[in-house]
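Q: Letter by letter, the chains look like this.
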Amino acid sequence: MARYLAGRLLQLVIVVLLILALTFVIYFVIPPVSPAVLFAGKHPTPQLIAQVKENLGLNHPIWVQYLLFVRHFLFGDQWGWPGLGSSYVTHSSVRSLIGGRLVITAVLAGGAALVWVCIGIPMGVLSALRRGRLFDRLSLGLSLFFVSAPVFWLGVMSLWLFWYKLGVAPGSGYYPPGQYGFGAWVGHMILPWIVLALLYAGWYARMSRASVLDVLRDDFIRTARAKGISEWRVVVHHVLRASLTPLATMFGMDLAGLLGGTVIVEIVFNLQGMGQFAVESVFSGDLPSVLGVTLIVAIGVTIANVVVDMLYATLDPRVRLGR
Amino acid sequence: MSAGITSVLAPRGGTLELGGTLTQQRGTWRETRWLFRHDRFAMTGLALVALIAVLAIVAPLIALLVGHTPNQTFDAMVTAQGLPRGPSASFLFGGDQVGRDVFVRTIYGARTSLTVALTAAVVSTILGLLIGMVAGYYGGFVDVVLSRIIDVFLALPILLFAISISTVASVTTAGALGGLLKPGIGLVTAVIAFFSWPYLARIVRGQVIALREREFVQAAQVLGAGDARIMWHEVLPNVISPVLVYLTLIVPSNVLFEAALSYFGLGVPESTPSWGQMLADATANSLFTYAWWMMLFPGLFLFITMLGFNLIGDGVRDAFDKTSGSAAATG
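The listed protein sequences correspond, in order, to chains A and B. To convert, note that position 68 of the first sequence is 68 in this note's numbering; the numbers rise steadily by one, no gaps. To convert, note that position 326 of the second sequence is 326 in this note's numbering; the numbers rise steadily by one, no gaps.
Please note that a few of the clues may not be correct.
[Stated by the list, open to error] Not everything, but these chain A residues come out facing chain B in the computed CB check (under 10 angstroms): (1) V15; (2) F145; (3) V151; (4) G155; (5) W163; (6) P170; (7) G173; (8) G260; (9) G275; (10) G285; (11) L287.
[To be verified] Which chain B residues stay away from chain A? Per the calculated CB distances, all over 10 angstroms, these: (12) V54; (13) L55; (14) A59; (15) Q218; (16) V243; (17) L244; (18) A282; (19) T289.
[Unchecked claim] Covered stretches of chain B (chain A as the covering partner; in silico rule of three or more C-beta atoms under 8 angstroms from a C-beta of chain A): (20) 151-161; (21) 187-193; (22) 249-260.
FYI, nobody ran anything at the bench for these hints, they're computed from the structure. Where is the CB? At the ideal position from N, CA and C, for every residue including glycine.
Just chain B, with the same shape it has in the complex (with noise of 0.2 angstroms):
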């Protein structure tokens, strides 16, 4: 019931009942969508990053109709030197160090970029809510001691923790902790979501101060209704429009951060292909002077994927900023 009438005081479009029929607020999300789907550029970004998830979706099918699994070596591909042999007709990418085809690899390095990428963006997400909100809407003492924390996260040198935890986690395959940190992808995950959350913490926090006073949120006090309820249904609604602009921020985040690790040879298992660990396979002994494929492709397709995330992140904030005066989007 409180919901009815608080959302009509609430800034974003909402249901209203009216007569007992239901009738569409007009809020601004129809907007926004509107401004987002006539961006020429954005709507590029969408393609790009479209293009690369199906390839990533189909990498079986397309393994299938090449011939070459992932982790196959091919004698072939290797010359008698022991270098790797270039692009040819069966082998678009070329080959790698010990014969592996790269066009393949490259496919399914897209896998683990869009999964962990994903994941980990999904999960810091819903951290730095959980804790940007609790430490906002409480205030006092809960928001001093979580706002600390943050501050400490945010001065962390990440790269450098995420290789050091990686490391102590690989130690044994057994794991740390009690077999709590496993190295593999789940950990690769872990990891960047663990040091992701605190910038979307500090912003929700600054936007749920601001929301505390608001008289939808009053209202729905007087009403009687919990905490939980109040940061569930009028809080977090309002709280959105910054969300999704991190999330364009984060994601093509994610995708460098696991490049990098796996890079350092800390992300996910030799197995698995991924572009940071096929990029360090090129820079390994100098190989690129030479072998300069196995460096351009994988690279290429990291850079597409950040391109398209990018692309669609400059379109959110320009239709988010365009729609909402306010400092709702720009945090």
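Same shape as in the complex, but just chain A (with noise of 0.2 angstroms):
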């Protein structure tokens, strides 16, 4: 086990070290106009550019500029760390920008992540107990129209119907619930969380069934049934540990990569978490906004990977690691 953990956790490096060069690629590299520029505000003056490349270290070979750019990441900068630079734009650290965010985007993302589990989930295991009924056909076709229905389509036209025509929910934008009381935060989450969560219900729903139903020709289902014990019982603690567990490493997965993926809900909704923060840096060349997003999104989804392998392990007696 302890070698396992260590060679994941060197792979870990290895990965982050990758990301690290791939984003500064595209930022630094690609851009055919210098950060410097951009920096420098609405009326660069060359004296002004050349102070602000000296200032950002942009003088340096672009190899330093990357050494910097690491170590600064791994190791922190003046703000603290990780060391992420500071924006473009308004000047303060991309750090303290980013923190206030991650909370609304990980608010977000848990509240779907809560609903599609309570719907997909259900659905699919009843869908497989009861194949070819009624129940099974409505499901599948509920799924299908989740997953083919576009997240910013659906948002608006949510908006339009329950808020605008009907007006049982309210309009969009974050609302803390420290400041406007509990009942008003979740009014305005109410929204964005089932649309989130719908497409990834259509997903874990077509998912479990799928699972469920493999399970349930297994042979061990067949030896539990021929014991005598209840139908229920078979379901509960033989079909479902079994079939769900490759789910749990889904879900892991997909909760890590909601923090980059709620972009769009966050725009449609007007919520200010990290999507909409990334897209409005993009829009105003701030770099190292957009920079510290994408890093700690793509380190996030990396650790999660790891973490989600080694659950699985624990989950599932017959996974066994370092083989």
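Taking the hints as your guide, dock the two standalone chains into a single complex.
A: In structure tokens form, the structure reads like this:
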């Protein structure tokens, strides 16, 4: 186990370094205009640009810039750890800019995850147990609708219907619970949670249906039934345990992926999360901010990958680590 | 010569020469096709996609018939207050914020969507196949390097990256990297393809590692076939089924990807109608609360396209699952 862990950690470090290299290339090598021009504001003079280049370290050769970039990220800069530099637009530290927005994105992702697990998995499991019946057909149709409807369309349509036409849901925007109370907070989050969750609910319903059907064919289920235990016990103790384990790993990856996957919902519902921040920064040419978000998400996903692998091994005794 | 001998040992069908007559080995391909063709849902999906494709092809004809071009503005479709007017007999889907015909634009949107989605799917399939096969076939150091690169790509926030690449390439019209990345339909396709190959590469790699040890590959090696020839003649035909399954997953995902990029104004140029862009127009200033048609129709077409491809995908996966007992279809 220890050897496996060390191996995975080494892999993790290599992947993080590669991610740093790739993001660096995209944001500092590809752009046709020097970042210093963007940083210098609306009326750049040659002197100002030269000054900015000096301050940002852009007058060094590209590989020195890369090493500086890696050093700041790994060991922190004057704003603390991880060193993500300062925004070209507001000139404040990217770390502090991202901090507050991470919470909103986490609230959105976490709530949506709860919704899709509560909808998707029961739907899929029941569907498999009632294979071919009316419920199965309905749920298959519904999940097909969920995975086919684009999130930005669903978001705008639901705002139009539930907020504008029916008036049962409040409009867009984020209302922090501390400031506006718990009710307003939940009220404004319900639509975003559901809209974000439906796509995943569709996939989870289909996955858990297939998974349960698979397990139902297994020998150990026949054995369990032959022992004469109740069908309920067979389903809960044998079928569910074996069929939902693969979904657990999927869940971990999806949740981590949502860090960067909530962009559209945040924009449609005007929530000031990381995704919206990244898109705004892209349009204002604020490279360090985009880079910061990208790095945090990519590394988050990579770490989740490792955690999920370990979790899988503890959940499913059939999987052996470090084979 | 080696192909004749080795394909007898290959799991999926092929031809066999027996006493001068060519005999078709009873492969599972025919069975797979039969299953797919008798799947009502898959056929419905095929019909939906065919409908959208036909509309995309005859779009100029429809524009001629209606008498409106996609970028023509009609003053009559905008009220004195500057609001678009709704559907009428000559403007079936109403007008947009500058008085263009939403119907004609929606039909033209099908062209953009299908062109980008299919081209990107083909490019990313070739990339994924190549990288996956090389990693799986050679193993060792090559595999380690390629696998880590695949890991990195799988961890990236794809949409964010795509948005930033499109942006940095669009800073000047001359593009970035000495004109290599230029804004436009080609860039959108390239960006989508660039971020969607790793998933396939990983699946193909796994398959090839298993195939490498099979008798028919070893037979070809013993007969002195080169690596390229083995990969092309022996390995490739046996990874076709996971590739087809992947294609059915990636095409709808690309349709959505293009729409999302265009939704952010980073997809195809303003003059090319795209569903994502039209939906963004409807969202801007909450215009949809009044002009519901601007949001409903492009969205509906997008939804129908997605539904069609998803139905086809389900059919293909089911057909492969039933015909191959092994892991070949599930990856």
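Q: Verify this label for me: B/L55 is non-interface relative to chain A, using a Cβ-Cβ cutoff of 10 angstroms.
A: Holds: least Cβ distance 18 angstroms, greater than 10 angstroms.
Q: Are A/G275 and chain B close enough, Cβ to Cβ, to be under 10 angstroms, as the hint says?
A: This interface hint holds because 7 angstroms falls under the 10 angstroms limit.
Q: Against chain A, does B/V54 keep a CB gap of more than 10 angstroms to every residue?
A: 20 angstroms, holds
Q: Mind checking the CB of A/F145 against every CB in chain B and telling me if the closest is under 10 angstroms?
A: A/F145 check passes; min Cβ-Cβ to chain B is 8 angstroms, inside 10 angstroms.
Q: May I ask you to test the interface hint for A/G173 with respect to chain B, counting a Cβ-Cβ separation under 10 angstroms as satisfied?
A: 12 angstroms, violated
Q: Regarding the assertion that B/L244 does not contact chain A, is the least Cβ-Cβ distance greater than 10 angstroms?
A: The claim holds: B/L244 sits with its nearest Cβ about 18 angstroms from chain A, beyond 10 angstroms.
Q: Let's test the interface hint: is any C-beta of chain B closer than 10 angstroms to that of A/V151?
A: 8 angstroms, holds
Q: If I take the minimum Cβ distance from B/Q218 to any residue of chain A, is it greater than 10 angstroms?
A: 24 angstroms, holds
Q: Would you say the segment 187-193 of chain B counts as covered by chain A, given the rule of at least 3 residues with C-beta under 8 angstroms?
A: violated (count 0)
Q: Please check whether the beta-carbon of B/V243 is more than 10 angstroms away from every beta-carbon in chain A.
A: 21 angstroms, holds
Q: Given A/P170 was flagged as interface, is its beta-carbon under 10 angstroms from a beta-carbon of chain B?
A: Status violated, d = 14 angstroms.
Q: At a threshold of 10 angstroms, is the proposed contact between A/V15 and chain B supported by beta-carbon distances?
A: Result: holds, 5 angstroms to nearest chain B Cβ.
The structure is inconsistent with the numbered hints 6, 7, 18, 19 and 21, although it conforms to all the rest.
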